[in-house]
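Undergrad: Listed below are the residues making up each chain.
There are 2 protein chains.
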Amino acid sequence: MELAQYIIINNSLGMDKGKAVAQGSHASVSVLDKVDKATVETWKQNGMKKIVLKVASTNELVELFQSAKDAGLPCALITDAGKTQIASGSKTAFACGPIDEEDAAKYFSELKLL
Amino acid sequence: MELAQYIIINNSLGMDKGKAVAQGSHASVSVLDKVDKATVETWKQNGMKKIVLKVASTNELVELFQSAKDAGLPCALITDAGKTQIASGSKTAFACGPIDEEDAAKYFSELKLL
Chain L
1 MELAQYIIIN NSLGMDKGKA VAQGSHASVS VLDKVDKATV ETWKQNGMKK
51 IVLKVASTNE LVELFQSAKD AGLPCALITD AGKTQIASGS KTAFACGPID
101 EEDAAKYFSE LKLL
Chain C
1 MELAQYIIIN NSLGMDKGKA VAQGSHASVS VLDKVDKATV ETWKQNGMKK
51 IVLKVASTNE LVELFQSAKD AGLPCALITD AGKTQIASGS KTAFACGPID
101 EEDAAKYFSE LKLL
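Protein chains in written order, with this note's numbering: chain L, 1 to 114; chain C, 1 to 114.
It cannot be assumed that every hint is accurate.
[Unchecked claim] Straight-line distance between alpha carbons at most 16 Å, and here's what the computed EDC-like set of lysine to aspartate or glutamate pairs gives:
1) C:K34 with L:E41
2) L:K44 with C:D33
3) C:K37 with L:D33
4) C:K44 with L:E41
FYI, nobody ran anything at the bench for these hints, they're computed from the structure.
As the structure is a prediction and not an experimental result, all values here were calculated from the model.
Produce the entire structure from the sequences given, and follow the hints as far as they go.
TA: Next comes the structure, spelled out in structure tokens:
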């Protein structure tokens with residue numbers, strides 16, 4: 001078993017690199033509260049593998065988030081406060097895990113790297 | 001007092017957006033272990049403000065990290081394992097805080113947004 005955290009960026013918003021880093025980090029930090037501490041510790045001690053992916057629309061982001069969440073995977077969706085660059089309420093990113101990469105494949109294997 | 005977390009990206013490595021998100025998130029997550037829990041909770045409940053900045057060289061990254069760390073600020077420096085894109089051992093990013101923005105100004109106010 002290899003643990004990875006998946007960070008999925010909404011590529012339809014045209015966020016620049018700094019904005020994407022901020023939103024991806026929001027998601028990465030937020031989801032950790034939904035993962036058991038032992039799993040988080042194991043993942044941290046093994047290099048904290050993160051896989052950063054993209055989707056082409058807000059619908060795709062929300063649907064994928066909902067599917068993974070409904071399946072019981074630990075997920076956190078980020079809604080931007082809209083103070084910079086993009087409209088308030090925009091769904092910018094979500095993160096899932098750390099989870100076993102095999103369990104993640106069903107949801108994320110079709111997505112492209114950001 | 002307003003809390004913010006600072007994420008500083010080493011812009012000399014030519015990381016693409018996905019790589020920058022991964023390295024920035026590594027830093028963001030790592031430094032939280034060095035901040036007291038009450039401060040982290042307050043910060044999370046107030047929008048988890050993150051400020052993403054850049055430096056132009058590895059030397060600048062390491063020197064700034066060391067200065068902030070020597071002053072007692074909670075900081076985490078990320079060294080990449082080099083599995084993708086960049087050479088193993090590259091210093092990619094560091095994060096500091098959440099800390100009071102006033103305390104941070106001395107170290108980070110001269111830097112440009114990524």
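Undergrad: Next step is simple, just say for each hint if it's right about the structure.
TA: Hints, verified against the model:
no. : hint             : in the structure
1   : C:K34 with L:E41 : holds, 15 Å
2   : L:K44 with C:D33 : holds, 11 Å
3   : C:K37 with L:D33 : holds, 13 Å
4   : C:K44 with L:E41 : violated, 20 Å
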